[in-house]
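Participant: The chain contents come next:
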Amino acid sequence: MYYRQAGTYRTGYAQDMRLMPLKEDRILLGLVLVIAFAVLPFTASDYWLSAILIPWLCMSLVAMGQNILMGYAGQLSLGAAGFMAAGAFACYNLILRVEWMPFPVAILLSGLIAAAIGIVFGLPSLRVRGLYLAVATLASQFFIVWVIDKFGWFKNYDTSGIITAQDIVIFGKAFTSPAEMYLVVLTITVLLTWAAMNMARGSAGRNWQAVRDMDVAAEVMGLSLLRTKLQAFAISSFYCGVGGALFAFTYLKSVEPAAFDINLSFRVLFMVLIGGLGTIIGSFYGAGFILLLPVFLNIFFHALFGKAVDASITSALEQVIFGVLIILFMIYEPLGLAKLWQNLQERMRRWPFKF
Amino acid sequence: MNPEILFFFEVLIGGLLAGVMYSLVALGFVLIYKASSVFNFAQGAMVFFAVLSFVGFMELGLPFFLALLVTVGLMILVGMATERFVLRPLVNQHEDTLLMATIGLAFVLEGLAQLVWGVEVRRLDLGIRDEPIMRIADATGIFVSVLDLVAGLVAAVMVAVLAIVFSRTKVGLGLRAVADGHGAAMSIGIPLRQVWVFVWAAAGIVALVAGMLWGARAGVQFALVGLALKALPVLIIGGFTSVPGVIVAGLIVGASEKIAEVYIGPYFGGGIEGWAPYMLAVLFLMFRPEGLFGERIIRRV
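Read top to bottom, the protein sequences are chains P and R. Going letter by letter, the first sequence gives residues 1 to 355 in this note's numbering. Going letter by letter, the second sequence gives residues 356 to 656 in this note's numbering.
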């Protein structure tokens with residue numbers, strides 16, 4: 001088959017440390033990137049770009065943040081949407097109040113602000129874990145959204161409730177068409193994914209995994225729990241903040257606290273659970289799956305009944321499907337879609353033989 | 356009495372009564388945690404599922420008690436199905452895995468309830484009046500309804516029964532053994548499956564009672580799930596393993612959120628109720644992670 005490990009010799013440390021040791025993987029990645037950067041912006045319709053690809057990339061970033069915290073560092077969190085809100089409003093206010101602020105800098109700073117908030121709300125993780133921690137992160141979810149909603153300054157004393165996000169301006173050029181916005185989101189996503197993959201396999205990632213597997217043991221071995229856990233919280237919130245800011249600026253095109261409610265946090269959680277705990281790439285699968293399922297359900301019902309079904313029915317059905325899938329994944333494949341994909345690759349490698 | 360002090364007491368009592376409702380949900384949670392060390396995130400969904408089914412059966416024309424009976428049967432079925440399809444395949448797994456599975460279960464129950472019975476808000480009439488009792492109001496100026504009193508009484512009785520079952524009976528001993536370790540309990544001959552079915556069915560019935568009282572107050576609607584989330588801070592403050600702790604913590608949460616809302620809320624434009632319980636729980640976690648009455652958590656390598 002196409003997929004072979006044989007014949008891949010590593011003759012130096014640099015080769016040994018490569019992110020993708022297999023040549024086939026590199027070619028595949030190159031193809032994906034070429035299609036994403038050079039083909040899709042010109043061929044995909046505006047609907048595909050602005051209703052599917054842009055939210056998919058944004059939510060993948062958020063899911064990645066949640067995955068770093070939950071899948072790698074093992075800290076259960078239900079506050080992703082709160083950090084997304086923090087990032088979105090930080091970005092809005094930075095651009096609003098600092099005239100010369102270029103968009104990439106604003107995104108970076110809003111990520112850092114979200115990270116700072118994440119550190120504060122990560123403090124309980126030093127003492128508790130599991131469901132206890134989930135409740136503590138619920139506090140962050142409700143508190144952040146409440147603060148943004150109640151203190152007018154964050155919303156620039158806008159009373160209408162719907163705040164239009166500013167245009168994305170980089171070096172004097174406004175990125176307003178779906179294709180241009182898609183390119184901005186794609187660039188940031190690729191950069192942050194690359195960073196996340198390297199963090200996950202580097203010493204940071206190994207420290208997180210040690211804490212996840214047994215925090216007491218990790219501490220005994222000389223890891224600083226304080227540093228490792230708060231680092232995970234900070235980086236996770238950074239990703240959530242950046243993802244949230246992009247989500248608000250390029251997908252919603254408005255900044256409003258109500259968009260970042262507890263349901264969004266649950267969706268992010270599901271993306272990680274279904275996509276695969278502790279895999280960076282799984283965040284993309286999970287986000288895509290959760291975002292596309294409603295679309296497919298609609299198409300399915302159209303085909304079945306010839307007309308659209310009541311939205312409340314599809315959303316209830318969606319809930320049931322998510323729930324069943326999560327239970328199934330927890331039982332049969334706790335590592336989610338990413339692991340399924342990996343299994344398929346292994347199969348391909350030895351195909352047509354069984355062993 | 357001084358009107359301001361009177362007003363304070365009114366707020367306090369209103370909060371305490373709301374707290375009893377939180378305790379009722381938290382109770383089902385403690386029940387499952389004590390008996391299987393599973394964090395059952397689905398307890399809120401079970402409340403919603405149970406009471407929505409109950410109202411649904413009533414709408415189909417069943418008389419009150421028959422509907423109640425059918426719903427109890429349904430909750431037992433849910434307990435059995437949960438044991439068969441969720442817990443049994445996950446025996447001896449890490450408790451975080453079980454927690455996530457119950458999050459999935461919560462979504463299944465919420466979705467199913469809405470698929471079958473629809474999404475509109477329903478009224479539930481238990482035949483208990485939810486108006487202030489005039490005699491008490493005239494004498495003291497404090498408004499308390501019969502429903503409040505019934506809720507308090509029901510909570511007290513359930514807590515008493517469960518506390519006795521856990522500490523005094525053989526069944527309770529078996530339940531605590533299972534909580535300590537699934538494998539160990541099985542090896543000394545405790546029938547894990549029956550124990551789990553029993554506990555989940557009992558939690559389902561507790562959920563039904565809580566849901567009926569809540570539904571009578573706030574209407575049967577999806578918002579119940581959000582209210583039920585507030586049982587989580589109650590649990591943390593009371594301690595996951597303590598039945599009486601749940602009641603005390605429920606009262607603390609209820610009273611403090613109402614007092615915060617009334618006395619601090621106006622300075623910030625209100626809405627403090629939404630997060631005050633969680634923040635209180637975080638404070639508790641910082642200083643007393645095992646809660647007021649919980650067992651101290653000791654972790655070994």
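These are calculated hints, taken from the structure and not from any lab test. Idealized CB from N, CA, C, for every residue including glycine. Among the hints, erroneous ones may be present.
Simulated coverage check for chain P against chain R, where a stretch passes if three residues somewhere in it have a Cβ under 8 Å from a Cβ of chain R [what the hints assert, rightly or not]:
hint, segment
1, 175 to 188
2, 224 to 237
3, 318 to 324
4, 328 to 335
Participant: Run every hint past the structure and note whether it holds.
Facilitator: Evaluated hints:
Chain R is given as covering the segment 175 to 188 of chain P, and this is violated because 0 residues of the stretch bring a CB closer than 8 Å to a CB of that chain, at least three being needed. Under a criterion of three residues with beta carbons nearer than 8 Å to beta carbons of chain R, the stated coverage of the segment 224 to 237 of chain P fails, only 0 such residues being counted. With a threshold of 8 Å between beta carbons, the proposed coverage of the segment 318 to 324 of chain P by chain R holds, since 7 of its residues qualify and at least three are required. Counting residues of the segment 328 to 335 of chain P whose beta-carbon sits less than 8 Å from any beta-carbon of chain R gives 3, enough to reach three: the coverage restraint holds.
In this structure, the hints that do not hold are numbers 1, 2, in rising order.
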